[in-house]
Amino acid sequence: MEEIKKGGLVDLFDLKNVDIHIGEIVDEGEEEEEWEPMGPHPMPRMATLRDWDFKLLNRYKPFYAPVCDMCCLCTYGKCDLSGNKKGACGIKMDAQQGRMVLLACLVGCSAHCGHGRHLLHDMINKFGRNVPIDFGPEVDIEAPLTRLVCGIKPKTIGDYEQVFSYVEEQIVQLTDALHTGQEGSYMDFESKALHMGMLDSLNKEAADIIQIACYKMPTSLPGGGPDVPLVDVGIGTMNTDNAVIIVIGHNVPPAADIGVYLTENDLEDKVDLGGICCTSIDTTRVYHKAKVTAALGRQLRVLRAGIADVVVIDEQCIRADVLELCQRVHSPMIATNDKAMHGLVDRTDDDPDKIVDDLVSGRVPGVIILEPDQVGEVAVRTALEMDKKRRSLKFILSDDEFKYYVNDCVLCGSCTLACPNGLYIGEANKSAAAGNIKPLADLFDICVGCGRCEQVCKKHIPIVDMMTKAAYPQLKEEKGRMRVGRGPIWDSEIRVVGAPIVLGTIPGIIAPIGCGNYPNGTKDAWLIVKEFAERNYIVTLTGCMAIDCALWKDEDGKTLYEKHHGGFDGGGVLNIGSCVSNAHIHDAAIKVASIFAGRPLRGNYEEIADYILSRVGACGVAWGAMSQKAASIATGFNRLGVPAVVGPHGVKYRRAFMSRPDIKEDWKLIDASDGSDVYVEPGPQDLLVACETVEEALPMMAKLCFRPSDTDRGRSVKLTHYIDLNLKYLHTYPSDWHLFVRAASDLPIATRNELLKKLEDERDWKIDWKKKRIEEGPIRAYNPSFNPTNLERLIRGKK
Amino acid sequence: MEEIKKGGLVDLFDLKNVDIHIGEIVDEGEEEEEWEPMGPHPMPRMATLRDWDFKLLNRYKPFYAPVCDMCCLCTYGKCDLSGNKKGACGIKMDAQQGRMVLLACLVGCSAHCGHGRHLLHDMINKFGRNVPIDFGPEVDIEAPLTRLVCGIKPKTIGDYEQVFSYVEEQIVQLTDALHTGQEGSYMDFESKALHMGMLDSLNKEAADIIQIACYKMPTSLPGGGPDVPLVDVGIGTMNTDNAVIIVIGHNVPPAADIGVYLTENDLEDKVDLGGICCTSIDTTRVYHKAKVTAALGRQLRVLRAGIADVVVIDEQCIRADVLELCQRVHSPMIATNDKAMHGLVDRTDDDPDKIVDDLVSGRVPGVIILEPDQVGEVAVRTALEMDKKRRSLKFILSDDEFKYYVNDCVLCGSCTLACPNGLYIGEANKSAAAGNIKPLADLFDICVGCGRCEQVCKKHIPIVDMMTKAAYPQLKEEKGRMRVGRGPIWDSEIRVVGAPIVLGTIPGIIAPIGCGNYPNGTKDAWLIVKEFAERNYIVTLTGCMAIDCALWKDEDGKTLYEKHHGGFDGGGVLNIGSCVSNAHIHDAAIKVASIFAGRPLRGNYEEIADYILSRVGACGVAWGAMSQKAASIATGFNRLGVPAVVGPHGVKYRRAFMSRPDIKEDWKLIDASDGSDVYVEPGPQDLLVACETVEEALPMMAKLCFRPSDTDRGRSVKLTHYIDLNLKYLHTYPSDWHLFVRAASDLPIATRNELLKKLEDERDWKIDWKKKRIEEGPIRAYNPSFNPTNLERLIRGKK
Amino acid sequence: MGIEIPFDVATIAGPEVGGVAPPEVIGSYISSAKRPLLVVGSELLRDEFFIDIAIELGKKGIPIAATGHSIRGFVEKGYTENIYYYNLHELTNCLRDPNWEGLDGAGNYDFVIFYGIIYYYASQMLSCLKNFATEPLMRTVSIDRYYHPNARMSFTNIMPRMEEEYKAMLKEFVSSTKR
Amino acid sequence: MGIEIPFDVATIAGPEVGGVAPPEVIGSYISSAKRPLLVVGSELLRDEFFIDIAIELGKKGIPIAATGHSIRGFVEKGYTENIYYYNLHELTNCLRDPNWEGLDGAGNYDFVIFYGIIYYYASQMLSCLKNFATEPLMRTVSIDRYYHPNARMSFTNIMPRMEEEYKAMLKEFVSSTKR
Ligand code: SF4
Ligand code: SF4
Ligand code: SF4
Ligand code: SF4
Ligand code: SF4
Ligand code: SF4
Ligand code: SF4
Ligand code: SF4
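Chains as they are written, first to last, in our numbering: chain D, 1 to 799; chain F, 1001 to 1799; chain X, 2001 to 2179; chain A, 3001 to 3179.
If you only want the chain F side, here are some residues facing chain D, beta carbon under 10 Å, derived: (1) LEU1103; (2) SER1165; (3) ASP1176; (4) ALA1177; (5) GLU1324.
Hints are computed from structural coordinates only; laboratory data are not their basis. Please read these numbers as outputs of a predicted model, since none were measured by experiment. For every residue, glycine included, the Cβ atom is placed at its ideal position computed from N, Cα and C.
All chains, please: the whole structure from these sequences, using the hints.
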C-alpha cells in the first residue's frame, strides 16, 4: 500500500485494488499557532454568521421580482404563488424567491468549488501536493480569504484539500435547506445565500492560488503585478493562415498542455491557440503566445465562423449545442472534463494516433479525454491535419446568399420577440435590402449571440450569420490588447493605497467583472473602465468584462490597458485574471483592513466585513451578469460588505439588496470609540442594484463608493465625482447629494460656495456664510474620530 | 491543543481559538485488506460508472414530460424551449429536462447527506467517534452499500466521516454540471442523476447506521428484526388529556432527548410524545412510548387541530408555514436545526428557565435550539405549562360555524382549480348544506392537506377545517398499529430467502416507500401491502407509506402489521424504518448477490447492479412520491437495477425510464457462461413508470418482478400473480403475458392447458399437445443454465 | 379559440398553449386525421355513459388504448374490438417515437384524443407529445371536462353541476366526428 | 381585454396576467387613480415626441419619476416641475412599501404608469408590484409599445413600422387621461 501523504485529508479516489487504511494522526507541534491567534469564527457553519447576515438584511432588505409566479420544484406542484400566496408545502412567494436565489448561488458556488477541487486533483497528480504557495517578495499574506474564513495559512497546494472539504460539507448542508419543507423565512434563505456567497469567494481564491502556484502564473516575481505583458484580444487577431485551436471554458490544464506541446514541438508559429471565456484568460497566464479570441458573447459566432480547426472544451460557459455547432463547420471537438461530456465516447488513455485518425476522418464528431496531459498532442495534431482539410471551406455567407435572405425576410417580428434584447432584426434586414447594411452591422455588437432568433424564423434566415456578414469588415479589425491576468494585489501596493482608500482620497475601487449579457453591447464595458480610470479610481477587472473592454480603442488607437498603468493605485486598469481571480479583489479589501488597519484576520470574518462595509469604498459592477456564478460572486461580495451594480438583465436574478435612506432607524451605526449610536448617511446605499443604462450606472457606482468613514477631504473627492458624473450623464445634479454632506469641508473647494448656496436655497440648510460653515441641515456632523461599526462587541469604551 | 482523533478526516468545525494542525498519518498495518480484495470501482467518480449508466439509459430511454416549457435558471432567459427548441445557452428541451431531474436528485441527495453529516457531528459530540457498528449476531455484512460503493468496511461511526467527505465532493462535482454551459446531452445529465441517486443510497445507509449504532435502535439483538414491538399510529391515539408534544421532520436527536427527559423525570404518562413524518418513525425506534401521530398528508390538519402543546421541528418535510400555523393555535414552536430556522432567534445555550418563560408567556412564538440535548427539558416543561393554559381552547369548528360556511359557499369552483387533486369541494359543501356531510367527510382522506384551496376562496371558508369537522368521528377512531422500524435485514434471513428470490419462487420483494401525495387517499397504501403480502411477496416499507398503511384495518380490526409476520420472508410486512432506512432494502438486494450468489462486494457496484437487474425480482413503489428525496431515492434504486412504480403525480418529476419491448435489439443480453448473445423478454420492462390508479399499479408491480434469470417454477409463480392481478383489477388478461413464456413449464400447472390454448388461438404459437410442449412462439427457449449479464467483462468462457 | 384558467391553475407551461373549442370544432378537426387514436383513462368508469361514448367512437373505427384500469368498463360491456390495455406512460413513450408500429402494427398515429384521464397525468403526457412529437407533428385534443393547455384543443372546465351539459357535448362531439 | 404574445415570448409568469387594452381604456382607467405616478425610462430619449407626451401628462398633475438616464430629456426641455430622478430598482423597492412617503412626502401611490422602460427591466418591476404590492393593491399599466403581462393593462406589441400609429395611440391616451 502506498504511504498516505501528509495533509490530513486522504485522497480517496482512484484507489484501484489498493486498501484504504487510515492510521493515527500525529501532532507535529504548535508551529501554526505562531502566525496569528485564532479569531472567533474559523470555518463558520451555516448559522455561525447569521447575526451578521441579519444586520445586512435588515438594512438592505431583500427585494424580490419573480421571474415566474409558480414553483415547480416538487410534485405537489406546480403551485401558483402569485400575490405572495403559499404553495402546497406552505412556502410563500417571498421565501420561494429566496430559495431560488439560494439555488442560483448554490450552482454558482459549486461551479467554482467543483472546478477548484478538480484542478487540485489534477495538479496533485501532476506536481504532488507539496507545491509551495509563494507569490514572491511583495505578497506575504498569500491567501487572505483562506486565513479569514478557515483560519488556515496554506503553505502548499495540498493544504487546500481541507479547505475544499470544509466548503463541500457546507455546500451540501445549504443544499439540504433547499428541500421542500425546510425554511419558511426568506431572511433565512438569504442568510444561507450569503453563506454560499462567502464560500464561493473562498473557492475562487483556492482555485486561483492552486493554478498560480502550479503553473507559475504572474505574481510579484519579475514580470508580474503591474508589469504583466500584453496579449492580443479579438477575432481579428486570429491568424487563420495557421491551424487554429479554440479552447472554451474555465479550467486551464488542457489548454496549458496544448501550450506545452506547441512549445516543445516548435509549433508556436504554426498553430494559433485562441480561447473564449476564462480559459482564454488563464491560458495567456501560462502560455504567452495564446490569444484571447473573444468573451462569452461572441462564442456562437466564433464557432459558426468556422475558424477553429479543433475546439477544446473544459467546463462552464460552453454553449450546450457546442457539438452541433462544431459538426456544422467540421471542427472536431475534444471534451476534457467530466462535467461536460456531451454524450461522446471517453477515449482517455487511448492511443493518440487512433484518436487523431478518428477525429480527422470524421468518424466521430468529438472525443472525451479526461487526462489534461493527453490533450495537447491530440489537439495539435488534429488541428494541423484539419487545417489542411478545412482550408477550402467557407462559412461566411456569400454576397448572394446575404442578398437573398435580406429580401426574403417578411418582417414578421418573430425574431424580435425571441431576442433577449428585443432587437429589431426585420427592420435591419429591410434596410439592408434597400442597400444600407449599417443597421444590421450595428446589431452585431448589441447581439449577445444566443441564437434564439434563428430558431423561430419561419423563413429560416441564418440571422446570426447575417449580422456577422454585415459586420465582417469591423470584425476583421477587432484587434485589441489586454494585460495578462496579474493575480494577487501586492501587500506593498496595499501599504501605499490603504490610507487613501479608507480616507477616501482615492475615490474608490471599481471592479468590473463577469459575463457578457450586456443590454447594449461591449462598448459599455469600455466606457465604465475609461470613466473611472480617468477619475483616478482603481479599476480591477476579471472575466468577460476584462476581455470586452479590450476590444475598443481611443482616438490614438490605444486600448485602456495600453493607456493606463497596471498597478493597484489610482488610475490603474488591472486585469486581475479569470473569474476565479476576482477573489483577489476581496483579498485587496481584506488586506486593507488587515495591513492598513491592523485588524486581526484569522477566523475573523464578521469584523473584517464590518470594517469593509463601513470603510472601503469599493464597488463591483457586473454589467453583463448572466450566470449562476455571477449570482454567487455578487452575493459573496455583499456578505463582505462590498456593493455591486448589475445591468438591467440582472433584475432577472430575482433578488436585490437595497436600503431605504428615508428610514432613519436603518442607518444607525455604533461609534466603536464610545459605544454611542450615530445616525449616518446611506453609505453604501445598496448592496445589489440594477441600472437601466450605462449612463445611469456610472453615477450610481460613484455613489456606492461613499462610506461613513470618509474623511472630509475624501468625501469632497467622492462628491466631486458623484456630482460630476450626474451632470455629465444625467444632465442634472443628483437629488440626494446633500445627504452626503456633513460639513462644508466635505464640499469640493472649487464649487464649495455654489454648493452651499444650493443647500441654502433648495434644502433650507442654515449656512454661516462668514465662517463658511453649515449650521443646520446635515444628517450628522463630521467627526474625524468616528469609528463606525455595526458590531456591539467592537465597542472599545462606553461613553 | 486537543489531540486530533483517529479517523483520517479531521473535524474542522467548532475550533475556537484552537490551532488547526495536521500531522502525519501513520500506517497502522494492513488489517483492512483481509476482509475482501478491492473491486474495480471504489469511490466511483462522476464518469466512472458512465458505461453502466449508458447501458441502462439505452434500454430504458429517458422519457420527458416537461412541467414547464421554459427555463428560468439564468438571466439570459427566460427561454422558451417548447418543441425541443434551444435556450440562449444552447440547451435543448430534452437536456434541460435532464438537468431539472439532476437538480431534483441533487436536492434529495443533499437532504440525506446533509442530515447524515449533521447527525454524525451530533453523535460524535455526544458519544465520541468510537461507537462500534455492530448489529448483532445475525448481521455480519453491516453496511453493504458502504462496502460496495466506497470499498470500506466501517467499524465505528467515525469511519463515516470519510464516506460523507466522498459523497460531499461528488455532490459538488455533480452540482457544477448544473451550471449554465456544461452538459449538452440529456444522456449525460441522466448518467449524473444516476450517480447522484447512488450517492443518495449511500447517504441513507450511513445515516441509519449511525443512528442505529448510537441509539441502539432495533437490530438483530433480542426484540429486533421480525420481533420488533408494535406502536400506536393515528390521530385518534393521541391522548389529549395529557400534555402533547409533536415532533416533525427527519432528524431524531432532539426527539430522542425528549424521550430521555420524559423517562428520567417519570413523565411518560403525563406527556404524549407524537410525531409526524420520519422523525416519528425514528422516535419510536428510540423511545417506545412515542406515537406516530400521522404521516405528511395530515401535517397541516394535525397542527390546525391544535392538539400540540409544543411543536418541535427538525429538518425536511416540515410545512414552510409551520410557525404561522403554530401561532394560530398557540402552540409554541422549537426549531432545532440550522436548515429550518424560520427567522427565529437562536437561543442555544441560553437558560432553559428563560426560554420556557418566553415561550409560555407568548413573548416569542418560537425559539431555535441547535443543541439536541438542550431540547428535551425546554420542550417538556413548556408543554406541561402550555397544557394548562391551552385546555380551554377549541380549534375544531363548532356546528354553527360549520353550518354557516357550508351555506356560504357559492360553488364558484376556485378551490377545485387550486386543488392538486381537483377535489370538488363546492359540491361537497352543497351536499352538507342539504344535510349530507358524507361527501365532505369522504374528501378528508383524499385531500393531501396542502391548503391551496383556502387561499383562493373568496368567501374565506376554512376548507381544511371543514373537512376535519365533517370527518371528525372517523378521525377520532384513526387508531392503527405499526411495527417499530426494524432496520437491517439479517444475513441469516438472506441465506434463507436468497434462492427463492433469485429462482423466483418468492415472487418478489415489494417496497412501498416515500411520501403521501396519493391520488386517492391512504387506503391505496393499505391495499398495495395487503395484496402482495397475501400473495407471499416480501413487503418492505419505509417512511410515510409505512405509516399510512397502518391506518386501516380488516374486518377483524387488525392492521396489516398485526396480521402478517415481520420477517424478511414470503408474506412478511416489514416496517424497515424512516426514509433513510430504505437503504436496507438496497442492502437486502445486494446481500442476495453477495451472500447467496457469492459475488464480490467491495468496490464492485457495476457487477452487483448488473446482477440485481437481471435476477432480483424487487420493485419499489412510491405511490405518493412527492419530494426531491423521492426522486433521488428512485434514481438510486434504478442505478442498482431495481425498478420503481410511482403514482400519477409522479409524472411531474418530468422523467421516466421505460423500455420498448417491441425493439428487439434493446433486449440483447449476454450469457456469461459462453459469451453468446441472448434476446430476452422485457424483464424488468421499466425502471420508472407511473400508474394512473392503484388498480393499474398492482398488476404493473407484479410484472416488474419478472427477471430473465427466473427458473420455470419461479416464472410460473410470477405469471400466476401477474395474470391473476390483471383479471382481478383490470378484468382481463394482460396483453403481454405471452412475452414471459419461454416454455410450457413456465406456465402455472393449474391453468397450463388453458394458457397453452390461448397461446395457440390468440398468438398462433405452435403447441405440441402431446408432449405439452411449445414448439414455436416464445422470444427464447428456457435455458436453466442461462447466466444473464450486460457486462462483457463477466463472460466466463467463449463459446 | 379562447383560452381560460387551466383546471389545475398552475398548469401553465409557456408560450405554446392550446385553445378551448366546442365539441363540433374538435369533432371536425378529428375528421382530418389519417390515423387517430382514442386514449381513455380511469375517470371513464364513473358513469356508463362515458364508456358508451368511447364505444361509439370505437365503432367509428377509431382504435382505443385503455389506460389506467379503464379496460374494465369495456370488458364489462363486452366491447373488445380494436381496444387494447396500455399503461399511459408507456403508451406516450411509444407515441413520441415516429417509428413505433402502433397498436395494430400499422404504424404510429397522427392524432390522439385524450378522454377520461386524471387531469395532471393527462396534462403531462400532452406536454411530452407537444414538445417532442413534432416531426411529424402529432395533433392532440382532449374531450375531458377540463381545459388542457397542453392539448391543441380541449373543452372548457366543466363543474359537476354541469354534468348533463357535458354529456350533451360529448354526444355532439361524437356526431360531428366523421370517419 | 385580450392577451397576446409577450414582447419577450417567455415572459409568462403564471396564472395572473394583465390584458392588452386600447389607449382610451387605459386612459380612463387612470382617471380613477387617487395618486398616480408616471415612471419613465431611457427609451423615451429616442424621440422628443415621447418626452413631450410625458410632459403633457406631467402637466396634468401626474408626478414623474425619471429612471435610467431619461431625466436628461426633461432637463434639456427645461421641464423640471414635479419630476424626480430615481433608479427604477430603488423606486420599485419604495413602491412595494405601503408606508413609503412618496416623492413629495405625501405618501405612496395607488397607480403606476410605466413608460419608456427597457422591456425586461419593466417587466420584472411590474412582477414585483403585482406579487407584493397587494395590500393595498397597487394598480399598474404600461403605455410602452409592448404587451406587458405583468401589468394590469398595456398596449399590444408595436413594431417600428407602426411607429406613427403608436404615436397616435399615445396622443389618444393623453387626451383620454382626465385629471
Ligand atoms: S420556475 Fe421556471 S421552470 Fe418552474 S414553472 Fe416557473 S418558469 Fe417554469
Ligand atoms: S416546493 Fe412547495 S411551492 Fe414548490 S411545487 Fe412543491 S409544494 Fe409547490
Ligand atoms: S442571437 Fe442576437 S439577435 Fe438573435 S436573439 Fe440572440 S441576441 Fe437577439
Ligand atoms: S423571424 Fe425571420 S422573417 Fe421574421 S422578421 Fe425575423 S428575420 Fe425576418
Ligand atoms: S440556462 Fe440556458 S435555457 Fe436556461 S435561462 Fe439560461 S440561457 Fe435560457
Ligand atoms: S372557493 Fe370557497 S366559495 Fe368557491 S366553491 Fe370553493 S369553498 Fe365554495
Ligand atoms: S388542502 Fe386538500 S382540498 Fe384543499 S387544495 Fe389541498 S388537497 Fe385539495
Ligand atoms: S416519506 Fe416523503 S413525505 Fe414522508 S417523511 Fe419521508 S420524505 Fe417526507
